[in-house]
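6 protein chains.
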Amino acid sequence: MSDVAMTAKQERKLTGKVPRDAIRMFDLPRVPQAVLDGFLELGDLTSTVSDAMDELGLNGVVPASKLRPTIQGSRVVGPALTLRNIEQPVHAYKGAQDRASRLAEIEAHNLAVPGDVLVIEGVADISNMGGISSTIAKRQGEAAAIVDGAIRDVAESVRIGFPRWASSVSPITGKWRIQTVEINGSIHICGVPVKPGDVVVADDDGVCFVPHEHAERVLKRAIEIKDGEGRRYDDIRAGVEVPELAQKTYVYKFEE
Amino acid sequence: MSDVAMTAKQERKLTGKVPRDAIRMFDLPRVPQAVLDGFLELGDLTSTVSDAMDELGLNGVVPASKLRPTIQGSRVVGPALTLRNIEQPVHAYKGAQDRASRLAEIEAHNLAVPGDVLVIEGVADISNMGGISSTIAKRQGEAAAIVDGAIRDVAESVRIGFPRWASSVSPITGKWRIQTVEINGSIHICGVPVKPGDVVVADDDGVCFVPHEHAERVLKRAIEIKDGEGRRYDDIRAGVEVPELAQKTYVYKFEE
Amino acid sequence: MSDVAMTAKQERKLTGKVPRDAIRMFDLPRVPQAVLDGFLELGDLTSTVSDAMDELGLNGVVPASKLRPTIQGSRVVGPALTLRNIEQPVHAYKGAQDRASRLAEIEAHNLAVPGDVLVIEGVADISNMGGISSTIAKRQGEAAAIVDGAIRDVAESVRIGFPRWASSVSPITGKWRIQTVEINGSIHICGVPVKPGDVVVADDDGVCFVPHEHAERVLKRAIEIKDGEGRRYDDIRAGVEVPELAQKTYVYKFEE
Amino acid sequence: MSDVAMTAKQERKLTGKVPRDAIRMFDLPRVPQAVLDGFLELGDLTSTVSDAMDELGLNGVVPASKLRPTIQGSRVVGPALTLRNIEQPVHAYKGAQDRASRLAEIEAHNLAVPGDVLVIEGVADISNMGGISSTIAKRQGEAAAIVDGAIRDVAESVRIGFPRWASSVSPITGKWRIQTVEINGSIHICGVPVKPGDVVVADDDGVCFVPHEHAERVLKRAIEIKDGEGRRYDDIRAGVEVPELAQKTYVYKFEE
Amino acid sequence: MSDVAMTAKQERKLTGKVPRDAIRMFDLPRVPQAVLDGFLELGDLTSTVSDAMDELGLNGVVPASKLRPTIQGSRVVGPALTLRNIEQPVHAYKGAQDRASRLAEIEAHNLAVPGDVLVIEGVADISNMGGISSTIAKRQGEAAAIVDGAIRDVAESVRIGFPRWASSVSPITGKWRIQTVEINGSIHICGVPVKPGDVVVADDDGVCFVPHEHAERVLKRAIEIKDGEGRRYDDIRAGVEVPELAQKTYVYKFEE
Amino acid sequence: MSDVAMTAKQERKLTGKVPRDAIRMFDLPRVPQAVLDGFLELGDLTSTVSDAMDELGLNGVVPASKLRPTIQGSRVVGPALTLRNIEQPVHAYKGAQDRASRLAEIEAHNLAVPGDVLVIEGVADISNMGGISSTIAKRQGEAAAIVDGAIRDVAESVRIGFPRWASSVSPITGKWRIQTVEINGSIHICGVPVKPGDVVVADDDGVCFVPHEHAERVLKRAIEIKDGEGRRYDDIRAGVEVPELAQKTYVYKFEE
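Residue numbers (the numbering used here), protein chains in the order written: chain A, 8 to 263; chain B, 8 to 263; chain C, 8 to 263; chain D, 8 to 263; chain E, 8 to 263; chain F, 8 to 263.
Bear in mind the hints are in silico, worked out from the structure with no lab data behind them. Some hints could be false.
Pairs of lysine-lysine residues, derived as DSSO-like cross-links and limited to a Cα-Cα distance of at most 30 Å, are as follows [stated by the list, open to error]:
| id | chain 1 | residue 1 | chain 2 | residue 2 |
| --- | --- | --- | --- | --- |
| 1 | B | K260 | A | K20 |
| 2 | D | K227 | F | K101 |
| 3 | F | K255 | D | K233 |
Given the sequences, and given the hints that come with them, work out the whole structure.
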């Protein structure tokens, strides 16, 4: 990104919902669009990416049993805009009386570029993101949201076609229970690390977070794997006997 | 309810499956129908009700991750008819030999008035309510069932359009494993208290149990919240910039 | 099975992915096809079978909350072809470098007879069976797979119409993490025992494993139960009052 | 208990912390003291009692992994005085402001006879019984407390030698979070049923709840089992070879 | 702390194990020593503090069932020095080969002032703090460590008398699995928020995190509660009857 | 082991509790005693072994939070004698009536050589090993038992000084609930693989299972790590400043 663009962005009006210095990064490292598009062309999306990550020694894959999709069949690829929530220090009833809303993912929507995926390290059993937030995200062009924690207003987000993956669903608001403490810092999501700009790859099987600096290598290997498995699928359909299928090598050892 | 009605009801034939004195209440405190109807008109149903309950300092909300709906998209409002199950003191195999069925939610169906919601504090991983029971419930006009415990015959209950929310699904019968010990007493459901007559509000996000004595106040506040959020949705659709959205107040402090 | 058939089978080419002596049995005890067909005609499938098993003192039922179906509404009956996986002794990254794939359910596909149900005692949160394996299973005529552990490529297996029940879904491969140590031995699945040839009965409520030596007795009793419950459903539809329904006996004590 | 004693008891001053009709029973069914003493003489206490219950087809045993003892090595036998707690309908902060303490196990202490064991179906992660309550229990001569839920002030209760078994330990008070809804009713504790007067048997391995009407039969069988196992221990110490130990029968089939 | 001291501190040599700007604060807000001492004089330590926090509407209490003490009977009060760990992006085996140790709680030991309590938001089932780290902590005069995650070398830390509270114990090193991403930022520990300088209060019942800005108010109320409960204990010992104990008010409503 | 010894052993009288062909191996691969002794001389036992295994890319470590020791401070090293239990196919009450005890770890005691560690892949919440079994194990000279599942009679086994690590404790017998299906086969224990003869290393932090074919390499590396950490401990005690400690390398890269 050019200096001009960066200046323009840093001058962007903020919401004031979090201190400016709690926004750790204004411009995400950007993986080329062609790489993002390349991921989307893979067949068994997260499985293939997960396999490629294994061969490069990279962690970053979360089972769908931990992060469940709200819209079956959705397939999403995009850079992570990260946000971290923790609990509020005051009881919710006192917070509601004081109108002390400290949930501030709206600032993330303010910073989002179309195609970004909002990734929230959140709080369990309490909603970190509801219907209004989903509607803003959709309008801003975000591709999806991934929430380690609860979300709410599932029906509304499905209706407008905004896919979310979350560890639980709950009508209980985070407004008086949760505070946003950091945007675009390093977070962890169900046991894997995520940095701003890492590539989020999500489907019905789960979510992969590909470190952005390795995205091209991962894609290259994923394509090799996909090609090998394509040949295996062909042989299955062609009626090759099982013992022969078992002995045949379709994906060769990874070499860089 | 008039004395005449009450007498009529108490003379109602019972099933004999539970002792009469284990039925703690024959006539539920009744919230006006207009209030029940009012809840159903809310948009993001349980979210809005949960928010109103927060501001009044009321507990009673269970995430859908704990009580999963069997029919996606169902929206239910009605008074709670409560029932409590515990385990039987004899092994299931002995119980099956002795034909000692002690599961008695059929008495609750006998007492139910159309529109009631059967709410069962039940036993985990064992069915507290099956297909026959759902069919009777549907015939008696019950609106839904909420079960903290397992249910079975999901396909059948979906087929006849009787919505249930339950913490698990299991084919294993409760007939020889569970006993009904109380009807229309105070129970707890996934960590929240429920009294007979409390208003059950359920959708895809979870279930709210609104104490009946506060139902009107909760509805009044819920409508204010819904109206505020409606204006927020309008602004989002009108393209108001995110920082402005973040600063604008749509729902004003609760005052009674 | 005749000696000729058995010889033919033992001479069948193996994949070599597991040692021959880790295949504990080549020919499953076979329940008559009429019995398998009889189970499929039951209405509330697993509920009825579970009830019959209770009366015979048989364990073997797993709730759908522990083994979730990938295709809602599927109903499957067939003999169990069992397989046991455990973890690999080397780290996945080292395994990926060494290309040490030890997942060998492909040998089970090799041994499968059309109609068999592959039952895997597997590893949690890691895929024990993916899309390629599902495609082979479908081609070999297997009826379904039951996995105590994770599966992947759910979308692909749904697309080709191969139903699976699994305890979780995860894109993370078992190739470098899991080893198959035994085929057609005794295994346990979510707390119940399964032997090769036991009858697998699965639907939206869960999975029953009927010991093959008791399959006919279980079916006989299940039909009696189904008939009794059919009369109960008739009475409900006919408007019989609840107290009368509660008192009437529809299923008589089990006598052999 | 004589009529005179019973009258005396019913006239006993109550605390007023729960409505009189929420006390379901004033005088527990009493198992003879000799039976209680007999249980205490068993060696591997809960194991032997659990084995005897199995042979009579009785449920009622909870592992120590679910109900952990606060004082290692404690062995307790006594009749259950039961109590049921559920959550309060108002937020804790509001409750604290309103001084709405509804935790009322003090009424159980008021009703307790020396030797009784207080058994609480309580709330998870919140204290159902603290140091003051333990001190009163100790003074009233209660033998122990069993809590399915959290307890607090463990150090204090250990200091005064009052043993408790509980599913968790937490400093968070139940005063503003929990309400006592019933005393001496039927409850369930970690998956097993308990009635007032049932015999509680507890040690480091867990807790057994023996239905009072079966206490003598259970004790009789437990003694037979203990005697058989005593002979087995003797043979082991005498150096009898393992294959012979394995073949020898020490405990004969149960006959009544 | 004077400016001179602060300068001295900021010039303090760092370990270089985390970037300087990942240390969010060099000097913790300091609660007066008299306040810390005051907490230690309370009897039922965490219970009393938890009660006082409730009345002020403050969250921040974790049950001992979630954070288990390594040394029974320890009682600790001190300011929180906070640290946040997340997972590493590379597989442990690759990390071990590359000697990529990124666990950096040693920097926290470097910054610690005697009496500080190290509070780690860590990773589950993997050690966030071992024996060497405990030995350094002890030498630097730290009072204790609280770890939401696993610890190891429990025997060694017990031997040197350094108390720790942790959510699990595991021999598996975090060196190649965990990275420290932040020191003295806002963290969450088992569902409650902690800021640097907040007062940690820990004993056998659990851990309270008192927001430092409210420490004096909490202590003041805690002393009132302790005094009231002292009178209650006196009455119990004096033999006051239970109904009278139940009716008497010992702790009066909180007024500021 | 010499041929003579092996023959002697295979002729050893069996208990007959499991079929002979369910005993997969009669003589375990034996790691030299000097290697076992070498492990025992390590300081932070399981931590150091776990670290060495990491560097060789070996899985096999279980946290003490999953396998809890019954005797704090125990340190055990010995070869694994493996056993696998699964559930019985009949209800426990029926099994008790039929006296169908199928728990057969007594055969493992029969096969055990002094110093062996019995490792059981067992069933959760039900006892896989009680007091009599512990007493036999002690008499036969076994060093310890590791049970993924419940154990009972903890007090008795502690009294006789026989250490066990188990995932839970329960008085409920496995006699009528569990069957032993295999001895000295490959098993998994809390997510890691164990083969007969693998070296079990256990202490308060958890349990390591070192593949026997790698035991000498692991020990060699563990000693190097221990020596490096010894120097680090020396420097800490000598007062070396924290930044210098952090920069100094004590354990050099692993080279074979």
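Now for the hints, and whether the structure bears them out:
| no. | hint | result |
| --- | --- | --- |
| 1 | B/K260 with A/K20 | holds (27 Å) |
| 2 | D/K227 with F/K101 | holds (20 Å) |
| 3 | F/K255 with D/K233 | violated (62 Å) |
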